[in-house]
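All chains, full assembly: derive it from the sequences and hints.
The opening position of the sequence shown corresponds to residue 29 in the working numbering, with each subsequent residue numbered one higher.
Derived from the structure by calculation, the hints contain no laboratory data.
Please note: incorrect hints may appear among the correct ones.
Lysine-lysine pairs mimicking BS3-like chemistry, simulated, CA-CA at most 25 Å apart [stated by the list, open to error]: (1) LYS383 with LYS360; (2) LYS383 with LYS350; (3) LYS350 with LYS289; (4) LYS406 with LYS292; (5) LYS263 with LYS176; (6) LYS328 with LYS400; (7) LYS292 with LYS328; (8) LYS360 with LYS400; (9) LYS328 with LYS406; (10) LYS406 with LYS289; (11) LYS383 with LYS292; (12) LYS289 with LYS328; (13) LYS328 with LYS383.
What follows is a list of derived Cβ distance ranges for each label pair [claimed, not checked]: (14) GLY297 with THR235: 45 to 55 Å; (15) ASP230 with ASN191: 16 to 26 Å; (16) GLN376 with LEU244: 36 to 46 Å; (17) CYS305 with LEU405: 17 to 27 Å.
Don't be surprised by glycine CBs; every beta carbon is placed ideally from N, CA and C.
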Amino acid sequence: MESGAFAEHGEVYHKDMQGGASEGGIGLSAYVIIALLENGVRNDQAIKFLENSLGDIRNDAYSLAVVSYALRLANSDKKNETLQALEALQISDAADIIFLDGSVHWSSVKGGDRSKDTTQYFYQPRPVDVETTAYALLTYMLDGNTEKGLPVVRWLTAQRNANGGFSSTQDTVIALQALGSYAEHAYAADSNVTVSVVNGADNHAFTVTPANSIVLQSYEIPNIDTDVVLQASGKGIAFAQVSYSYYRNSVRDDSPFFCTKDLKELRGGNRLELDLCCNYTRSGKSNMAVAEIEALTGYKFDEEEVGQLTNVPDVQRVEFVKDDTLINVYLKPLGSTPVCFSLFSDQQFYVADQKAAQITVLDYYNPDEQMKTSYLLKQTHSLQDSCTDCWPTGEAFALTGQPTSHGTSTSISPTSQTETGMLAVFILLLWRLLL
Numbered sequence: 029m030e031s032g033a034f035a036e037h038g039e040v041y042h043k044d045m046q047g048g049a050s051e052g053g054i055g056l057s058a059y060v061i062i063a064l065l066e067n068g069v070r071n072d073q074a075i076k077f078l079e080n081s082l083g084d085i086r087n088d089a090y091s092l093a094v095v096s097y098a099l100r101l102a103n104s105d106k107k108n109e110t111l112q113a114l115e116a117l118q119i120s121d122a123a124d125i126i127f128l129d130g131s132v133h134w135s136s137v138k139g140g141d142r143s144k145d146t147t148q149y150f151y152q153p154r155p156v157d158v159e160t161t162a163y164a165l166l167t168y169m170l171d172g173n174t175e176k177g178l179p180v181v182r183w184l185t186a187q188r189n190a191n192g193g194f195s196s197t198q199d200t201v202i203a204l205q206a207l208g209s210y211a212e213h214a215y216a217a218d219s220n221v222t223v224s225v226v227n228g229a230d231n232h233a234f235t236v237t238p239a240n241s242i243v244l245q246s247y248e249i250p251n252i253d254t255d256v257v258l259q260a261s262g263k264g265i266a267f268a269q270v271s272y273s274y275y276r277n278s279v280r281d282d283s284p285f286f287c288t289k290d291l292k293e294l295r296g297g298n299r300l301e302l303d304l305c306c307n308y309t310r311s312g313k314s315n316m317a318v319a320e321i322e323a324l325t326g327y328k329f330d331e332e333e334v335g336q337l338t339n340v341p342d343v344q345r346v347e348f349v350k351d352d353t354l355i356n357v358y359l360k361p362l363g364s365t366p367v368c369f370s371l372f373s374d375q376q377f378y379v380a381d382q383k384a385a386q387i388t389v390l391d392y393y394n395p396d397e398q399m400k401t402s403y404l405l406k407q408t409h410s411l412q413d414s415c416t417d418c419w420p421t422g423e424a425f426a427l428t429g430q431p432t433s434h435g436t437s438t439s440i441s442p443t444s445q446t447e448t449g450m451l452a453v454f455i456l457l458l459w460r461l462l463l
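Quick look at the structure:
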């Protein structure tokens, strides 16, 4: 564009990338400029656009963070002014039992505790907050400022999930880039850190040196009923994470998505048709949405039939997982108008006492916004219906408790059972005498 901004053609699936000044596209323009600068391409007109837009984003933490990093890369005259504006929005967390020296982060939402405003069973920050904080850390690392970077690292590392990533793809990529940059600047050739883990009467020690600093070391805690105490000594920086998981039933009804479902049995139950219609229940539109649908046990999705879903205008992509027993349907941003599609699955084998299959619909860039539901056949088959050959029936079973096969039986009466047992004992004694 003449202004130096990059035009937004079509849909922007990552809405938070637009920042608070979405009409001007400042956040998105900064994102593109960063990609160009990191690959040695400089666009002075686009950089000038960012410099002239500072007044519009002083209260927009995300746009300020991205623009600050971009202007730092460009060595702009406005780089210090932008960083100061960003630091004015930082949130300083007081020291606690986890962060003895406190931590620092940025959020696109001022005030309020979001720990209860979530459909997850544990609190995770908004992906855009992780991304915003990561850009701030990247800006500090361009100056090699590990002192200001350390409180930011404390907050970022505490937001990682049990697998080492974050809430979504976008924030994970930027956060890992920022943490990697910090590790590069904080590296010391003579580092040697010992981390001891005390769990009741059990204890374990890890040693981290330059030789194994990028190797994951783990230890399974044997006793979860006592405190876990971690202590570190030596020189250098090490990251320790305690991960645990548990299960509970969902208790929330304020899901951001809603789906109606209708399951039809075709060909006598050998083929199923699942009709889904999903919409966004909140104002505006979601980001790109993903519907994760499990097949009922004993069934597989028809890859050829389901693959034609891409012909549905709002379906972007279909992905088959786990040998066609799970599919991910990528949808354009959902609004109040339902998007409908049908899935077909074929029976592979009979299953008795079949359990419900799960359906999850989530915001791709904010997985915290999700809905879970399930579906099940109206009539499930018993073990006797599913496998007539292996279900015990007939007169012989009623008398002796022994299973039969194909209507015939070989039964042993109580008397013959006793005689067989006595014969076995006699043979065993005789064998011992011979030895």
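Here's how the hints hold up against the structure:
1. Simply put, LYS383 and LYS360 have alpha-carbon atoms about 31 Å apart, too far for the 25 Å limit, and the pair is violated.
2. For the hint pairing LYS383 with LYS350, the CA-to-CA distance comes to about 18 Å; that is within 25 Å, so the pair holds.
3. A distance of roughly 23 Å separates the Cα atoms of LYS350 and LYS289; the hinted pair therefore holds under the 25 Å criterion.
4. The suggested pairing of LYS406 with LYS292 holds, with an alpha-carbon distance near 9 Å, which does not exceed 25 Å.
5. Of the supplied pair hints, the one linking LYS263 and LYS176 holds, its CA atoms being roughly 19 Å apart against a limit of 25 Å.
6. Distance check on the hinted pair: LYS328 and LYS400 sit about 21 Å apart at the alpha-carbon level, within 25 Å; holds.
7. Taking the CA atoms of LYS292 and LYS328, the gap is about 15 Å. The hint holds against a cut of 25 Å.
8. For the given pair, LYS360 sits about 19 Å from LYS400 by alpha-carbon distance, which is consistent with the 25 Å threshold.
9. Of the pairs offered as hints, the one joining LYS328 and LYS406 holds, with about 18 Å between alpha carbons and a cut-off of 25 Å not exceeded.
10. Taking the CA atoms of LYS406 and LYS289, the gap is about 13 Å. The hint holds against a cut of 25 Å.
11. The hinted pair formed by LYS383 and LYS292 meets the criterion: a straight-line CA distance of about 17 Å does not exceed 25 Å.
12. Restraint check for LYS289 and LYS328: the C-alpha separation of about 18 Å stays at or below 25 Å, so the hint holds.
13. Between LYS328 and LYS383 the CA atoms are separated by roughly 15 Å; this keeps the pair inside 25 Å, and the hint holds.
14. GLY297 and THR235 have their C-beta atoms about 60 Å apart, which leaves the hinted 45 to 55 Å range violated.
15. At roughly 25 Å, the beta carbons of ASP230 and ASN191 sit within the given window of 16 to 26 Å.
16. In this structure the supplied range 36 to 46 Å holds for GLN376 paired with LEU244, their Cβ-Cβ distance being about 38 Å.
17. As the Cβ distance of CYS305 to LEU405 is approximately 20 Å, the hint placing it in 17 to 27 Å holds.
The structure is inconsistent with the numbered hints 1, 14, although it conforms to all the rest.
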